[in-house]
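Residue numbers (my numbering), protein chains in the order written: chain A, 1 to 100; chain B, 1 to 514; chain C, 1 to 170; chain D, 1 to 350.
Incorrect hints may appear among the rest.
What the hints assert, rightly or not - Pairs of lysine-lysine residues, derived as DSSO-like cross-links and limited to a Cα-Cα distance of at most 27 Å, are as follows:
| no. | chain 1 | residue 1 | chain 2 | residue 2 |
| --- | --- | --- | --- | --- |
| 1 | D | Lys71 | D | Lys81 |
| 2 | D | Lys67 | D | Lys81 |
| 3 | D | Lys208 | D | Lys329 |
| 4 | D | Lys71 | D | Lys150 |
| 5 | C | Lys166 | D | Lys150 |
| 6 | C | Lys28 | D | Lys81 |
| 7 | C | Lys166 | D | Lys329 |
| 8 | D | Lys81 | D | Lys150 |
| 9 | D | Lys150 | C | Lys28 |
If you're looking for bench data, these hints aren't it; they were derived computationally from the structure.
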Amino acid sequence: MVPISYYLVLSAILFACGVLGFLIKRNVITIFMSIELMLNAVNLSFVAFASYWQALSGQVFVFFVMVVAAAEAAVGLAIIIAVFRTRQTLNPDRVNLLKL
Amino acid sequence: MAMPLHQFFTSTDYLLSLPMIMLALFGMGVLIIDLLLPPEWKRANAWTALVGLVFSAIAVYKVQIADRIAEAHGQAGSFVGFGGSLVADRFAIYFYYLFLAGAAIAILMSVKYLEIEREQHGEFYALVLFSVIGMMCMASGYDIVLLFVGLELMALSTYVLVGFLRRDQRSNEAALKYLLLGAFSSGIFAYGLSLFYGLAGSTNLGQIALTLEQHFLANPKDPVAILALLTTATGLLFKIAAVPFHQWAPDAYEGAPTSITGYMSVAVKAAGWALLLRIFLYMLYPLRPIYLPMIIFVSLATLTAGNLAALTQSNLKRLLAYSSIAHVGYMLLGLVAGNTNNASSTGIKGIMVYLLVYTFMNLGAFAVITSLRRRDIIGDEIDDIAGLMFKAPTEAILMLVFLLSLAGIPPLAGFWGKYFIFLSLIESGHYALATVAVLYAVLGLYYYMRIANAMFMRRAETAEPVSLSPGLRLALAITALGTVIIGIFPEVFLRAAAWSLSVPQASAVAGLLK
Amino acid sequence: MTPIAPTFFFYFLSAVALISAILVITRKNPVHSALALIVTLLSLAGLYLMLYAPFVTGVQVIVYAGGIMVLFLFVIMLVNIERAMKEEEFNKQWIAGLIASLLLGGLFLAVYFKGRAIFPSEFTKIPEQMNTQQVGMLIFQNYLLPFEIASLLLLVAIVGAVVMAKKKLS
Amino acid sequence: MPTGNLSVTTFVIASIIKIAIVLWVLLTAVAYTVWLERKVVGHIQNRWGPTRVGPFGLLQPLADGLKFIFKEDLTPPYVHKFLYILAPMLALSMSLIAICLIPFGNSVNIAGMNIPLQITDTNIALLIILGITSIAVYGVALAGWSSNSKYSLLGGLRASAQMISYEVALGLSLVGVLILCGTFSLHGIVEAQTGTWFGFIPKWNIFKGQFIAFFIYIMAAYAETNRIPFDLPEAETELVAGYHTEYSSMKFAMFFMAEYSNMVTVACLASILFLGGWTGPVFGPPILHALLPIFWFALRVLFFIFVYIWVRGTLPRFRYDQLMSFAWKFLLPLAIANVMITALVVALRS
Chain A
1 MVPISYYLVL SAILFACGVL GFLIKRNVIT IFMSIELMLN AVNLSFVAFA SYWQALSGQV
61 FVFFVMVVAA AEAAVGLAII IAVFRTRQTL NPDRVNLLKL
Chain B
1 MAMPLHQFFT STDYLLSLPM IMLALFGMGV LIIDLLLPPE WKRANAWTAL VGLVFSAIAV
61 YKVQIADRIA EAHGQAGSFV GFGGSLVADR FAIYFYYLFL AGAAIAILMS VKYLEIEREQ
121 HGEFYALVLF SVIGMMCMAS GYDIVLLFVG LELMALSTYV LVGFLRRDQR SNEAALKYLL
181 LGAFSSGIFA YGLSLFYGLA GSTNLGQIAL TLEQHFLANP KDPVAILALL TTATGLLFKI
241 AAVPFHQWAP DAYEGAPTSI TGYMSVAVKA AGWALLLRIF LYMLYPLRPI YLPMIIFVSL
301 ATLTAGNLAA LTQSNLKRLL AYSSIAHVGY MLLGLVAGNT NNASSTGIKG IMVYLLVYTF
361 MNLGAFAVIT SLRRRDIIGD EIDDIAGLMF KAPTEAILML VFLLSLAGIP PLAGFWGKYF
421 IFLSLIESGH YALATVAVLY AVLGLYYYMR IANAMFMRRA ETAEPVSLSP GLRLALAITA
481 LGTVIIGIFP EVFLRAAAWS LSVPQASAVA GLLK
Chain C
1 MTPIAPTFFF YFLSAVALIS AILVITRKNP VHSALALIVT LLSLAGLYLM LYAPFVTGVQ
61 VIVYAGGIMV LFLFVIMLVN IERAMKEEEF NKQWIAGLIA SLLLGGLFLA VYFKGRAIFP
121 SEFTKIPEQM NTQQVGMLIF QNYLLPFEIA SLLLLVAIVG AVVMAKKKLS
Chain D
1 MPTGNLSVTT FVIASIIKIA IVLWVLLTAV AYTVWLERKV VGHIQNRWGP TRVGPFGLLQ
61 PLADGLKFIF KEDLTPPYVH KFLYILAPML ALSMSLIAIC LIPFGNSVNI AGMNIPLQIT
121 DTNIALLIIL GITSIAVYGV ALAGWSSNSK YSLLGGLRAS AQMISYEVAL GLSLVGVLIL
181 CGTFSLHGIV EAQTGTWFGF IPKWNIFKGQ FIAFFIYIMA AYAETNRIPF DLPEAETELV
241 AGYHTEYSSM KFAMFFMAEY SNMVTVACLA SILFLGGWTG PVFGPPILHA LLPIFWFALR
301 VLFFIFVYIW VRGTLPRFRY DQLMSFAWKF LLPLAIANVM ITALVVALRS
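Same shape as in the complex, but just chain A:
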């Protein structure tokens, strides 16, 4: 049997990968994918905990996280299309009318 903490370690590494991608990538779509990676790390730890507690509520939370991810992706990609239409680039460094 694999201990529960192994799953948590995996989830932590995936989460860190997601954060890394979010911080360093230049392409908006890939940045978005990094966020999905983070959410998946969250899901993995929820499922692991659900199985540890023998409670299904963690799995229910995962279900809702997936709904949220789907909704976020739909709106986010639509916004990306809108930005692309007015500006023809996907590099957030070039999206710079507003100073940061």
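For this one, chain A is given, so just place chains B, C and D on it according to the hints.
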């Protein structure tokens, strides 16, 4: 397996969710009616949405009455619905009213503005209503699932509202930045929640708090609990735009339609606060010794960065964005007040009052900025407000009132917010913090007065008159009255704030659930 | 039924998940990133199965791998990626970002190694025969309100996507 | 996964044998579906179809297969090579995986062992099949993108848009069945349809009020498999050949086989979900007891495949906007209404 319906959805559940049901019905109604309306009648959507808000307020009032009756019968003053995932206590009811008021004023401000931008669509009003539902879940959720879903409902609606001027590069750029950082912070927040779930094995706030209490007595420096606290708090601080997680706010505020900027700075921010207070006071109170130093650091950083950055801004919306960051710093001080084991009730009351007065004065300021938007003039630079006194004296004077209130000058409403925060700091012995906060309040006066200076001392750049639609007039009247009346006759409102906190605290609610 | 060779499958699936997760953030071509992400998602689905969560597995494959990622691919194909390919891959602060996330990952790992005592290594299985039914019952009892709110969330997503992506509204 | 009373070794051996048999049957069926299609369409159009190779052209599929193998395998220089090769494999393997969840009959007793006539049965079989269908989109989408040609890209985009749109209606049409049967297991769904009313009306789901769902399922399934009248992704008059424009030889054959084996899978599912699977009169000696259910099942599948071909010979192609509005404005509301009505009826009855 098959169970009767009334076990899934009781009459209490119905009563407690009625405010949300009303908003959902009217939101969908707006979407459908929008299809039937000819283009020149599109503004009717705003009235539909306002009626929806009124109906929702009536439903909230019903909940309040039920609460009063329950109190008369000697029952603890909070309702629990949906198997413990929703608690419509007084805390929630107070925030319900706040959200509804913020949304109503924002809608009044939007009608004319959207027409000028040629983006008058029913979707806008529907999204405002839906975002209020999300906020309500954030204020009354007693289960991390509901809190998370509510947060996302609000956030998602707001992303779209920020980018609603699709042909405007700044608007959709702001939406993109807001969405990326919002989704990122939601991810971090959810990770923290997953760790709390792992520690407690339940998604219910009360259960988690109880487990944390026991767990924390056993091992006070448990690394997993601390990591969970750090990640959850990071997500929450992102949502209320506290330094160092504030970078999205100025961009999103500047690019968004002005009325939505106002809405974001009051209602969305209040919802973020509702969530933060709900989690910190009801779920994480056992961890207070650990989070206290963190909050002190964040509040000082927020005050410093917000106030200093506001000094140099030339764009009105950006300036107010930084000033709203600074206000978050003051409110965080209210959370700091108290000793290591208990938050001071004066401090929390200060936050509640602050959020209330901030709703009126900040929306008022944004209403004035909205009125500067005319054909061909974006009207959000300080230069655009120059000489307002000579073009529209009423508006200039109202703006002055709002600015003074924002700076915290008595007898205006903003004073009372700061007063209670400072009072709570002094009561609980945080003298150094109180001194710093007062100094920053003086600094704040300076940049607010820069705007006033431009309005009264400088000549107008263009001769173009300032337009005032009926909706905007109404919005200005409400916010001005609110600012002045709360300032002069604060008793009623202070009592309301105290009332909102008169619920038995977390442990009692947890007891109710059993 | 007990899974066959759980240790092997755990290491295999997590290795696949990790490698493809690293590919997601290192590939220059967004299509390759998307494919790597799909592989991560599928291997995570396998891990869910090992944690006795068949319903989550199914939803992960259908919604995540089959729905969300198709949307990603779609948008990548719609916008001109040739131009994006010519731009640099990482932004200027990539070293700072790398250090920050290494620190973050290190923190997480340190916490798990220190806090391992809380989570015992053995956990018993939950019966998976009725998993879907039980999750369903839970959603319609304790989580009824979040479920309804989720429907509004999806409505907002639809409306929002139409508002943002449509060239001309009405 | 019920291993029943079998030891692990026997289970594995039995499974391997079953996999071999099913694959062989499936691939033969695919080949002869092509033959059948050419024959039937030929007759519909007043032609003969293939007649030269073997009696009635029965050896034609064999000749076609040989031809595919010996054609030159071109890989255009401008494609994204890895994805270009991966795409057809993905398409074919997904359609072959789906078949392993399909039960062909009840379990049989061989040498005292109770062996289910199905490669594997899980309690989420239907979810897995839906998942596999949704993964299959990638085969098409990637083929379109990696070919680096505008016809392919348009075809790929169209195909993936069409497949995810119709998948929604497809999934919803199954919910009614699920409500009636209360299980995701395909075996369980067939079990729930055994028996008759008044001794002659079989208790199939289609007669339990799911005929609207059946109709939606058939429509959506045609679109999912990119068949006429929904074959927009490969509409030769506008897109040359759609997403497989740049493919030749065996890689093209893989897409081809994927399409036809998807047809078979869809037909199998339709029989299981709506027409009672392998239920039917069983009589005679034990060997017939074992074989008759398979026969009944094959009969239903054959019927569906015939309808496929019949429709292809009869109907013209949709226009693309018609296709999309058909999915979203007609099938989807209908499917939701069906779900609600079914749920209401079931709730009121209990």
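Tested hints:
1. As the CA atoms of Lys71 of chain D and Lys81 of chain D are separated by approximately 19 Å, the hinted pair is consistent with the 27 Å bound.
2. Our distance criterion of 27 Å between C-alpha atoms is met by Lys67 of chain D and Lys81 of chain D, whose separation comes to about 24 Å.
3. Distance hint between Lys208 of chain D and Lys329 of chain D is fulfilled; the C-alpha atoms sit about 26 Å from each other, no more than 27 Å.
4. Between Lys71 of chain D and Lys150 of chain D, the direct Cα distance comes to roughly 25 Å. Compliance with the 27 Å bound is thereby established for this hinted pair.
5. For the suggested pair Lys166 of chain C and Lys150 of chain D, the alpha carbons sit about 23 Å apart, so the restraint of at most 27 Å is met.
6. A distance of roughly 16 Å separates the Cα atoms of Lys28 of chain C and Lys81 of chain D; the hinted pair therefore holds under the 27 Å criterion.
7. Of the pairs offered as hints, the one joining Lys166 of chain C and Lys329 of chain D holds, with about 18 Å between alpha carbons and a cut-off of 27 Å not exceeded.
8. Between the alpha carbons of Lys81 of chain D and Lys150 of chain D the distance comes to roughly 17 Å, so the proposed pair stays at or under 27 Å and holds.
9. The straight-line distance between the Cα atoms of Lys150 of chain D and Lys28 of chain C is roughly 22 Å, inside the 27 Å bound, and the hint therefore holds.
Figure legend: structure checked against the earlier numbered hints; every hint is met.
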